[in-house]
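Chemist: Residue-level listing of the chains:
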Amino acid sequence: MTTQTTALMQVENVGRTFGGFVALAEVSASFERNKVTAVIGPNGAGKSTFFNVLSGVLPPSTGSIRFKGQELAGTKQHRFAHLGIARSYQITNLFPKLSVQENVRVAAQALRTRYNLVMNRSAYPELVEKADAALAHVGLHAKRERVASDLAHGEQRALEIAIALVADPELLLLDEPTAGMGPEETKEMVALLERLATERTILLVEHKMKMILGLSDRILVLHHGRLIADGTPQAVQTDPEVRRVYLGQNDGYA
Amino acid sequence: MSSTSHAAPAALRPPQAVGEAGFLSRWRVPLSIAVLCVLPWVLPSQALAVNVLIYGLFAVGYNLLFGYTGLLSFGHAAFFGGGAYITGMAIAHFGLGWFPAMLVGVAGSSVLAAVIGALSIRTRGIYFCMVTLALSQLVYYTALQASNWTGGENGLRGFTVAKADVLGFTVNLLDPMQKYYFLMVFAALALWFVSRVLNSPFGAAIEAVRENETRARACGYDVERTKLLSFILSGALCGVAGTMSAIHLSIVPLDALHYHTSSIVVMMTMLGGAGSFFGPFVGALVFLLIEDVASLWTSHWQLIVGVVFILFVLFLPKGIWGTLIAWRNRP
Ligand SMILES: Nc1ncnc2c1ncn2[C@@H]1O[C@H](COP(=O)(O)OP(=O)(O)OP(=O)(O)O)[C@@H](O)[C@H]1O
Ligand SMILES: [Mg+2]
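Chains as they are written, first to last, in numbering that gives the first Met the number 0: chain A, 0 to 253; chain B, 0 to 330.
Hint data in this document are derived by calculation from the structure and do not stem from the laboratory.
Hints should not be assumed to be uniformly reliable.
If you anchor each label on the Cβ, the simulated ranges turn out as follows [what the hints assert, rightly or not]:
{"no.": "1", "chain 1": "B", "residue 1": "Ile125", "chain 2": "A", "residue 2": "Thr61", "range": "26 to 36 Å"}
{"no.": "2", "chain 1": "B", "residue 1": "Val37", "chain 2": "A", "residue 2": "Met118", "range": "57 to 67 Å"}
{"no.": "3", "chain 1": "B", "residue 1": "Leu137", "chain 2": "A", "residue 2": "Met118", "range": "45 to 55 Å"}
{"no.": "4", "chain 1": "A", "residue 1": "Asp167", "chain 2": "B", "residue 2": "Ala117", "range": "49 to 59 Å"}
{"no.": "5", "chain 1": "A", "residue 1": "Lys34", "chain 2": "B", "residue 2": "Thr122", "range": "51 to 61 Å"}
{"no.": "6", "chain 1": "B", "residue 1": "His299", "chain 2": "A", "residue 2": "Met118", "range": "42 to 52 Å"}
{"no.": "7", "chain 1": "B", "residue 1": "Ala117", "chain 2": "A", "residue 2": "Gln233", "range": "31 to 41 Å"}
Stretches of chain B that chain A covers, calculated by requiring three or more beta carbons in the stretch to come under 8 Å of a beta carbon on chain A [claimed, not checked]:
{"no.": "8", "region": "191 to 200"}
{"no.": "9", "region": "203 to 211"}
{"no.": "10", "region": "214 to 226"}
Each residue gets a CB set at the ideal place from its N, CA and C atoms; glycine is no exception.
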């Protein structure tokens with residue numbers, strides 16, 4: 000296993016239960032730098048639960064997660080951003096009443112200063128610059144003075160990615176970035192993801208198969224909380240177990 | 000009033016956006032102090048003015064937690080009354096001068112806030128209300144039982160501060176005007192401090208926590224710790240108000256710790272406008288005016304206050320000052 004030395008994150012036997020319900024069981028995988036890995040599976044397969052465990056929202060019930068060699072199980076959620084793991088949520092998760100720029104600036108500030116009562120916020124112009132750069136990256140620079148909740152749905156999704164990007168994370172977790180988007184908005188998001196794919200380590204949950212096949216280096220398939228396939232897009236596409244789970248269930252495979 | 004004609008339409012700006020504060024916001028401390036300066040001259044009585052000063056500051060302290068951090072506490076009487084009692088006891092039982100006594104009062108209410116905050120901050124919503132209420136009731140009953148120290152039901156007496164020597168001047172605290180401006184200095188300092196906090200990076204952090212706890216945590220803020228620090232600062236400010244009330248009244252009624260006092264500060268803050276800088280003073284003024292006027296007509300004045308409060312919650316949820324600010328910032 001040569002990947003052991005180069006992997007950014009190693010997940011071993013991770014499971015998560017809610018009461019008696021097993022949402023995630025015995026998932027093992029390791030993720031290398033600068034690769035895009037898609038996580039797919041039918042509704043309720045445990046994809047978001049997997050992301051929640053990897054981003055500290057939920058502690059795993061079993062197993063271990065190592066990030067750059069450090070064990071993450073038991074680490075408090077707010078530490079994850081500092082360690083270099085950032086995420087977006089399946090349901091848009093912003094600071095709705097703050098300006099677009101402040102949404103991103105305050106995210107950048109979290110890694111710089113948090114309990115500082117002495118300085119002025121404006122004493123950190125570099126945070127504003129970082130925010131503007133992240134906004135430019137996702138194409139929202141011109142709208143930076145707007146209130147976040149005034150943005151169109153697709154723009155809000157992009158803003159959430161800017162919030163994650165401003166932390167300059169080593170691992171980026173994106174839970175259905177195109178959820179609820181129309182074809183036009185999806186096209187723009189795919190273009191953004193293609194740009195990100197060249198420079199970052201990304202884990203991506205998505206239902207849109209065409210998009211996944213174009214973007215990802217590798218696909219994990221979850222079903223009933225278990226990893227049923229893990230491989231290149233070609234391998235996964237032809238995997239009989241995956242076809243059985245997906246075919247006839249929905250047209251997501253189109 | 001037209002200093003906001005630059006850049007984006009004013010309504011699109013968040014209240015505390017970096018570098019984009021409007022005229023009212025930029026000058027909020029001097030403007031607030033100017034208003035407090037003229038208060039005893041424009042209000043029907045000086046007694047009312049000093050109450051607006053004290054309860055206004057109490058509400059400002061409460062607003063830091065409720066309006067800016069988004070936590071609805073029902074136990075802030077503990078910090079107001081706590082500050083008042085500790086100051087009073089420091090003078091009555093330990094013979095401290097007024098200034099060290101006030102410092103001890105504020106320090107004591109901060110410690111109390113740290114304890115109550117640490118025990119309540121992990122609970123949410125209605126549970127947070129209930130835990131803060133229960134813990135403040137504990138403080139109330141402690142004061143009631145420890146009557147050797149606190150005077151029990153009769154309240155704490157016997158610590159009149161008749162004059163204060165400040166920088167070579169002697170302030171006669173038996174003169175209402177001198178007392179008002181003496182106390183106003185502390186309110187002014189507290190207001191400056193609150194403005195400082197709101198402008199600081201920490202001010203941005205509590206705003207983020209109020210706006211979206213989940214997102215704030217994902218960004219890397221320790222939400223619990225941020226809330227706790229805000230809780231302590233809020234308790235300390237309410238302690239300043241309590242300590243001022245002790246110096247003003249020369250007694251501390253047991254009522255200062257009663258949950259009724261906690262509910263008054265919630266109402267004042269909401270009447271004026273939670274999350275606005277000067278709103279709490281406006282709320283205190285309106286509340287105390289209604290109380291003054293209504294109590295002349297009827298002994299059931301609390302009913303009138305209650306009805307007014309409900310009307311506000313239903314029809315003017317931003318409060319008086321908050322609505323004015325929003326109206327001024329309309330596109
Ligand atoms: N906090 C929770 N408490 C209880 N059950 C939960 C919780 N979170 C998820 N579940 C359950 O775990 C299962 C997996 O949910 P999860 O959100 O991970 O699915 P998903 O693969 O993201 O699905 P979708 O495609 O619909 O987003 C579901 O049955 C869900 O009801
Ligand atoms: Mg999901």
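Chemist: All hints, please: hold or fail.
Modeler: Right, here's what the structure says about each hint:
With their beta carbons about 34 Å apart, isoleucine 125 of chain B and threonine 61 of chain A fall inside the hinted range of 26 to 36 Å. Remark: the range hint 57 to 67 Å for valine 37 of chain B to methionine 118 of chain A is contradicted by a beta-carbon distance near 33 Å. For leucine 137 of chain B and methionine 118 of chain A, the hinted distance range of 45 to 55 Å is not satisfied, since their beta carbons lie about 37 Å from each other. The supplied range of 49 to 59 Å is broken by aspartate 167 of chain A and alanine 117 of chain B, whose beta-carbon atoms lie about 34 Å from each other.
With their beta carbons about 42 Å apart, lysine 34 of chain A and threonine 122 of chain B fall outside the hinted range of 51 to 61 Å. The hint said 42 to 52 Å for the Cβ distance between histidine 299 of chain B and methionine 118 of chain A, and at roughly 51 Å that hint holds. Between alanine 117 of chain B and glutamine 233 of chain A the C-beta distance comes to about 56 Å, which lies outside the given range of 31 to 41 Å. Counting residues of the region 191 to 200 of chain B whose CB lies closer than 8 Å to any CB of chain A gives 5, so the stated coverage by that chain holds, three being the minimum.
Judged by the Cβ-Cβ criterion of 8 Å, the region 203 to 211 of chain B is covered by chain A as claimed, because 6 of its residues qualify and three suffice. Counting residues of the region 214 to 226 of chain B whose C-beta lies closer than 8 Å to any C-beta of chain A gives 11; at least three are required, and the coverage claim holds.
This entry does not satisfy hints 2, 3, 4, 5 and 7, going by the numbered hints stated previously.
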